[in-house]
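Peer 1: Below are the chains, spelled out letter by letter.
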Amino acid sequence: MREIEYRDALNEAFDEELARDENVVLMGEEVAQYNGAYKVTKGLWDKWGDKRVMDMPISEAGFIGMGVGASMLGVRPVMELMFWSFHSVAFDQLVNNAANVRYMSGGLCNCPIVIRGPANGGTNVGATHSHTPEGLFAAFPGLKVVSPATAADAKGLMKSAIRDNDPVYVMESTLLYGVKGPVPDPNDGDFTIPLGVADIKREGSDVSLIAHGQSVLVALEAAEILQSEHGINAEVVDLRSIRPLDQDAIINSVKKTNRAVIVDESKPFCGVSSQLITLIQEYAFDDLDAPIKRVCSLDAPAIYSPALESEQLPTPAKVVKAVLSIS
Amino acid sequence: MLEFEGNIGTATIAVIIFKNLVMPINIEMPKLSDTMTEGTLVSWRKKAGDTVEIGDIIAEIETDKATMEMEAFDEGTIVEILVQEGTKAPVGDVLAIIAEEDEDVSVVTAPPAAPATKAPAAAASTPVAAAVPTATVAADGSRLRVSPLARKIAAEKGVDLTTVKGSGPSGRIVKADVESAKAASATPVAAPSSAAPVPQGIFPAVGADDKVTPLSGMRKIIAERLLLSKQTIPHFYLHVECDAAPLMALRKQINAQTEQTGGNKYSVNDFVVKAMINSCEEVPAVNAAYNGDSVVEFANVGISVAIAVEDGLVTPVVKTAQNKSLLEISQEIKAMAKRARDKKLLPNEFDGGTITISNLGAWGVESFDAIVNPPQAAIVSVGGIIEKAVSIKGEIKSGLRMNIGLSCDHRVVDGAVAATYLNAVKKFIEQPTLMLV
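So the sequences go chain by chain: L and Z.
Heads up: the first sequence begins at 6 in my numbering, then just goes up one per residue.
Heads up: the second sequence begins at 25 in my numbering, then just goes up one per residue.
In short, the hints are calculated from the structure, not lab data.
Treat each hint with caution, since some may be false.
Capping the alpha-carbon separation at 20 angstroms, the derived lysine-lysine pairs in PhoX-like fashion look like this [what the hints assert, rightly or not]:
hint, chain 1, residue 1, chain 2, residue 2
1, Z, K176, L, K260
2, L, K260, Z, K343
3, L, K261, Z, K112
4, Z, K189, Z, K176
5, Z, K343, Z, K358
Which chain Z residues stay away from chain L? Per the calculated CB distances, all over 10 angstroms, these [stated by the list, open to error]:
hint, residue
6, S171
7, P193
8, V198
9, Q346
10, D375
Glycine included, every Cβ here is placed at the ideal spot set by N, Cα and C.
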């Protein structure tokens, strides 16, 4: 299978959906004429023009609000936040409006909006540009949150997100944009991945490493070390979707391996990892042969210093250490 | 975190520290009777600094009912005695602290002043008789670390976790430990052949002077069957007093005759058995058993005769007794009693019983209530023949009286039926010549 970059996989998803449905529009800061701050929308303005691919002013509250309103009238906006860290200036639109419109209108209005952009640390851009808010938004009923780890997942999940009739927030990663991976050829048919279905990225028998987004790659690297240096066969469960959450995949894996380590770049307090641990202890308590461990970012604002930030985030070595502590 | 601690209060925190963070073990005032709320520490047999072994008597405790010895269930060194001799203490209060040899004792001694106000939950934690290790407490008294999965597997396989050595972090017992241990220690703790369970409650301290006898097979069966009876059979009890003078006169007359000829000597019990057999023919509803969805009324009468032996009692059966003469009955019971004492009764001699007789008359008992011998529906309890004053037609006379009791399974026999049966027995006792025809 051909291998393409994560950003190009997203680009393909947009291009295919722009072609499939005339109501799909791309909006965001510099997504059109500049081809996107991270070149994710490269060439799409040239191909689809001003009506389908639009630059937005530096006013997230304004343009996200506009997108929410447009979606209620049948447009399917795909809106870029240059960083998900800028969500807080549009919080009312993202949460109070988008999450509640369908419920408060008694189902009369849908909000089929996709809001996307990178949400990751590790690039030394400082505390205000390094948030990982997937747990925050997943906490609001009415919102869907996905976090693809590979190029194929990025394309398949993005296409499903655009077709979904509820707001779907896609958390990408600047560290993943340049990573290549196998993605099915468009000539082989429409490629989508349903929301809410986890993927076993590596089969294993001794411990379940549960992760999403960039952390999946950390978990996979840790699994190789565990196998080669410690003889521990780790299974890596990629959630792909934080909400809806594939609870069965998580529980089935833990029941198989009897041990769980969560790898989550989010902060630990009230994080996605907290939710996963609650879930596991509730449904798989009697299948646990050890306490559940988690490897998260250190509970502090993102550190600017490159040397320190790399230690703040989950690393394969930390995952290995956590697994060994319960083996 | 600080706010949280403030809400708990210092007394509770002291307990938490004791239970989880340090290894020393609290010796608490045991609950030695159902009604006991406090006890008096009569005397210490050990003092601070003494080492104690499991089973050592460490103190004498006086309850509302008795003075009992308190046994150590942990070993180590007595670090501190907190309740002095002659002092009362509520159940659950810490009396002393035992620490293992190398423990940092200074950590422990600070908090114990607080427990006076601690939560009552601690009362149940270390009763004196908690000798049987539970799955949560290791042999040394510390909490057993077991993974949920290992605990589940152990429960399924019947593995005693206290015998398993944990290989996980901090000695936690994990799946692999239980799986490798199960073959070795799959002791059938609750197997059907074991005796009836020990009643829940506080067992008095067992000291060196007490005689402990492991249950014999007979004792286990007695425990099982009588517990079954009392737990599943709704009992009720009746008594009548009989005039035994005519029976005694007849017996004397017969025995005087047989003595001369070297014939059989008849006991009072033989006559009562005969009276029971005849009464069963008159009131067959008593010669019956509850059988789940039906009541079975037996055509044959099988008299189970309770015979005391050295370490228990047995109930061999006079089968098809309705066809047997008084002589046959008498001889058969004599022979069975001898075989019982010689432990030579055969298994089939216990078959076919439909009603039981228990006679404590020879021990001077006037009357008693017997426990129904399941699956039978009735048991006759026979008291001794007592000479006593009786009022006959307004005149006080000396009489020979015998009390006969009847215990019944109310699922089978109702009160009026039982009364009819008991009066039939009384009739035969009081007019014994009726039994000879």
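Peer 1: All hints are to be evaluated individually against the structure, with a verdict given for each.
Peer 2: Consistency of the hints with the structure:
Proposed proximity of K176 of chain Z and K260 of chain L is supported: the alpha carbons are some 13 angstroms apart, at most 20 angstroms. Among the hinted pairs, K260 of chain L with K343 of chain Z is inconsistent with the structure: their alpha-carbon atoms are about 61 angstroms apart, more than 20 angstroms. Taken as a hint, the K261 of chain L and K112 of chain Z pair is broken in the structure, with Cα atoms around 55 angstroms apart against an allowance of 20 angstroms. For a cut-off of 20 angstroms, the pair hint linking K189 of chain Z to K176 of chain Z stands: about 16 angstroms separates their Cα positions.
Of the supplied pair hints, the one linking K343 of chain Z and K358 of chain Z holds, its CA atoms being roughly 14 angstroms apart against a limit of 20 angstroms. The Cβ of S171 of chain Z does not lie farther than 10 angstroms from every Cβ of chain L; its closest approach is about 4 angstroms, which violates its non-interface assignment. At roughly 6 angstroms, the least C-beta separation between P193 of chain Z and chain L is not larger than 10 angstroms, which violates its mark as non-interface. Here V198 of chain Z does not stay apart from chain L, with its beta-carbon only about 5 angstroms from theirs, under the 10 angstroms limit.
For Q346 of chain Z, the condition that its CB be more than 10 angstroms from all CB atoms of chain L holds, with the nearest at approximately 60 angstroms. For D375 of chain Z, the non-interface assignment is confirmed: its Cβ lies about 47 angstroms from the closest Cβ of chain L, beyond the 10 angstroms cut-off.
Consistency note: the structure conflicts with the earlier hints numbered 2, 3, 6, 7 and 8.
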